[in-house]
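Asks: Protein chains in written order, with our numbering: chain A, 12 to 312; chain B, 491 to 974; chain C, 753 to 1045.
Simulated from the structure, these hints should not be mistaken for laboratory data. Quick caveat, the model's predicted, so the values are computed rather than measured. Any given hint could be a false lead.
[As the list claims (entries may be wrong)] The calculated lysine-lysine pairs, modelled on PhoX-like cross-linking and capped at a C-alpha distance of 25 Å, are: (1) B:K797 to B:K747; (2) B:K937 to B:K925; (3) C:K899 to B:K578; (4) B:K631 to B:K658; (5) B:K851 to C:K825; (6) B:K790 to C:K899; (7) B:K857 to C:K825; (8) C:K899 to B:K828; (9) C:K825 to B:K832.
In case you want the letters, here they are:
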Amino acid sequence: MRVGALVLPRKRWEPFAFASPSLVLIAIVIIFPLAYSFWLSFRNFDLSVGPESEFVGGANYVEALIRDSRFVNSIWNTAIIIGPSLVLELLVGLGLALLLSRIGRGRPIITALLAIPAMVSPVMAAMAWRMMFGVKYGAINNLGRQLGVIDVYFDWFSSPFISIVAIVLVEVWHNTAFMMLVLLAGLQSIPQELYDAGKADGAEGWRSFWYITLPLLKFTMMVGLMIRLIDLTKLFGLIFVLTFGGPGGTTETVAFSTYLAGFNDFRMSYAAALSYIIVGGVLALTLVFMWVQRIREMRAA
Amino acid sequence: MRKLAILAVVLMVIALAAWLGLPVAEVKAARPYEGTTIRAVVNAEYVKYSLSLVEPAIYDKLGIKVETEVIPLDPYVAKTLLEFNSGKSPWDLVMFGPSFMPDYGRHLEPLQPWIEKLKLDFAMDDIPDVYKKLMLRHEGKIVSMPYDGDVHIMFWNKAAFERADNKKKFKAKHGYDLAPPKTWKQWDDQAAFFHGWGWDGTDRKLFGAGASLKGNNYSYYWWRPRFFAYGGQYFDAGMKPLINGPAGVRALEEMVKTIQYYPPGVLLFESEEPKTMLIKGEVPMLFSWTSTGKRVGNEKESLIIGKAGFGIVPGAEIDGKIVHRPDLTPGRSMAVSKYSSKKEATMKVLELISDPEQSLKIVMDPKTIMDPWRNSHFKAPAFRKAFPGADEYLDAILKTFPHVVPDPILPGASEYMRKLSFEITEALAKRKSPKEALDSAAAEWNKVTERRGRDKQKALWSEKMSEMKSVGIEYHPDWAQKAK
Amino acid sequence: MAIALDRPRVASRSARTVRIRRAVGLALTWVTIVVALVFFLGPFFWILTTSVKANEDYFAYPPVWVPADASLKHYAGLFTRSSGARYFTNSLMISTLSMVAALLVSLPTAYSIARWRFGGGFLSMVLLVLRMLPAIALIIPLYIMYKLLGLTNSYLGLVIVYTVLYVPFAVWLLVGFLRDFPVEIEEAALIDGCSRLRALVAVVVPIIAPGLAVVALFSFIATWNEFLFAIVLTGIETKTMMVLVTSFTSGGTDMFYGEASASVVLGVLPAFVVAFMLQRYLVKGLALGGTKG
């Protein structure tokens, strides 16, 4: 690796000094609040009761994992939303990246236009789609009625299944572009010589995609998927504006139910406990993900 | 030379000061608080808009400017309580939902001492009883004034009910005359009857009735008038939830049956959607906030202007008498923060925005969704002429007020309501049976009560219960059977 | 084309098939791209037209796709009644400051990780966990801390939070750039007697400037888009655009669809601007950083 090639002697304090600005900031802005909210998660701090609180031990954690069926249900919902979203974002993103890599003129501007949804905040995306889905003022229903495709109104949230489909659709609209950009970048870093060599061996079209592009793109895909996975566990803005977790509890995600505990029930301690459970879960998930990845690499080697 | 110059300058300054001072002094008499700016906090842009309607008057009469901060509705309570808990607040005038009085009350300034000190007149006799008795006080002291009436009335499209063909068909099918529903039974019959065809004589596919059933409390407000009409009450004297008793289950079962006659998407409807469907002539009837009436009467968008009927929300027939239990939702009140450094000026502003004349401006404006709340609003000649049918509309509100039911005004009200609303939507989305849903809501309610201290809640509730009794609301276990 | 030129005579027939197939392929590509553009940009069109519609047209049927009497009155209302100008400038200021701060903080850190593997895997892990944290775990303690320090309702308070929140992603991107950067150039500068810092500023920065631009503008967008911290940590003077949008969307929009859409239009404006500014670097920026571990 290149890093090893740095032969010049360095002063011992330098690495630390260079990293210190962010270390200091993180220490102040993250470590203290994290420690504080960890402490809070063992108490019963409730905004509507007042600033005082008492120690309650692990009661919040026990309640969350055993007695709060709604929270457990929201873990399930989150998984159901994340799964198809990741798959679709990867497939559509890859498709778009491949298409874009085939066109010459106009590529930058088209890439930029396609990338716009990913730069919009979840609240904005949700607002835009609320106005697409809306029964009375929604563009989709309006257009469908005008074209005679839709009888009266189509309800995008009429059943648990369709609601999940609608949320996944918006999520895919919102974040596919991120995957597309990352994959396009990955595609462009594959040296042309490899394809030329492949062609000489008779690998063209699908075969070259299967034997050259895909294996070399694997790492990029994994990075992209992992970032999306981490961000999706925080899925909140879309739910907040589009469905508020409904109908029933169909689209309540973990991040959203944490918000409800804190900001609607004012139980800040409970919300803190819930967020620690989420972080723990996500961390475990990521570690497993990385571990599987490493084992596979070792096998391949 | 130099002395002369100094003298000249001094003289000039004095002259200038005199010249400037005169008009200032004059204005000062008219605008006693000239130069004061107070800060208000409200929970939506449309509330800020409504305040802006009276800001000129506040400045003209008092010389006070109002700077309004908007915090989005959903995190509003949490954010304001967070600020108050720190023992300070950046705001002088505070908007809040009176149903959350137990959470807010201790941060608000009692009005009585200021009424005496500044000779304020809040025209208390002009406020409906239910507000005066239940919604304005914390620990017995008045701390707030209403801002938004927030009650439900029923609206209907006369085209549906008066068409001869419809009347004939309905009579043939149900054996009684078609008329705007008086009971929930009639409402359900009619929703079923109207759904799916052009009851206005066209060949459009129209809907049976409108409703707002989203899980953030809407579903609860659409369940409650049935529940109370069937004799329900939130808790018994021992804080045991009564919501999963026969009244609650019957109410929810009926809703689950009728939801198929509502427009698609109703499970996520907030207030706006069904209102629009009503004024576009797509639903024949709807009960919702009274502000709907202003849209019904807006000639620019309403298709049912002059053809709309207004009345009290349906009820239940108990022993030959119909009992109506329409909603009084959290509402909006205004109060002065205990931590304000400009209490006097803010009290004056509170007096002015809630005085009959100024508050009328707010509730009459077609763009605000603030509902009328003063007795004089209902009788105001200008309001009665505001749009065709305004007379009937205001009479309906007047008739509604004596019957309205408030929220469970207890510590944790927000959580009780939200948990129940959620479970109701679970049943409406057919993920649970009505009984199951209400049972788990009751279990959640018990958890909240335990967490907040059962004895403390019990003491506060017995107070509330007697207050509710004083306006005629109590538990009738036998009504759920009797109600027709 | 190249194939046809290489073998002019032998396969003129197959060359034609190849050409036709190519043309069809290209046409299909473009059709798909147009469909994708419609899907990804359509919602913005509807929001834009709603924001210039008259109040009565929001719910009109047949729908008003392109309002004949478009007016900017909702924008005017936004700027006069809702102090939209203040929200907009606040967002601009806070996002710009956080962008600068995020760069200043994360570049040296990334350098330290890239060149000296500072902190081993541990620091990278910390940064990863940072990205996982739900806002709610931080928000209340931060508020309490800020209240003590007098940082609520101040630009500084928000800038600090946003900087820290964006550091993980920025560092992750920058480490990639720096690893790709030819060490030899830097060593030459060091041999000439430059200090590390100087070498970084004078030699490395100019060369990786496009990448830095991408990191900077992404951070701008991320800050612009955040709303939960912006609701809790701000007061009247420091509210941002996202808070304004949420004030319209949360709790019944009713007769304010025009203003709501106008606020959304203003809220997504930076995304469009940034996308156009970055169009040449968008992919390149991620190519350097995103694909190498």
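Asks: Check each numbered hint from earlier against the structure, then list the numbers of those it violates in ascending order.
Replies: 1, 4, 6, 9
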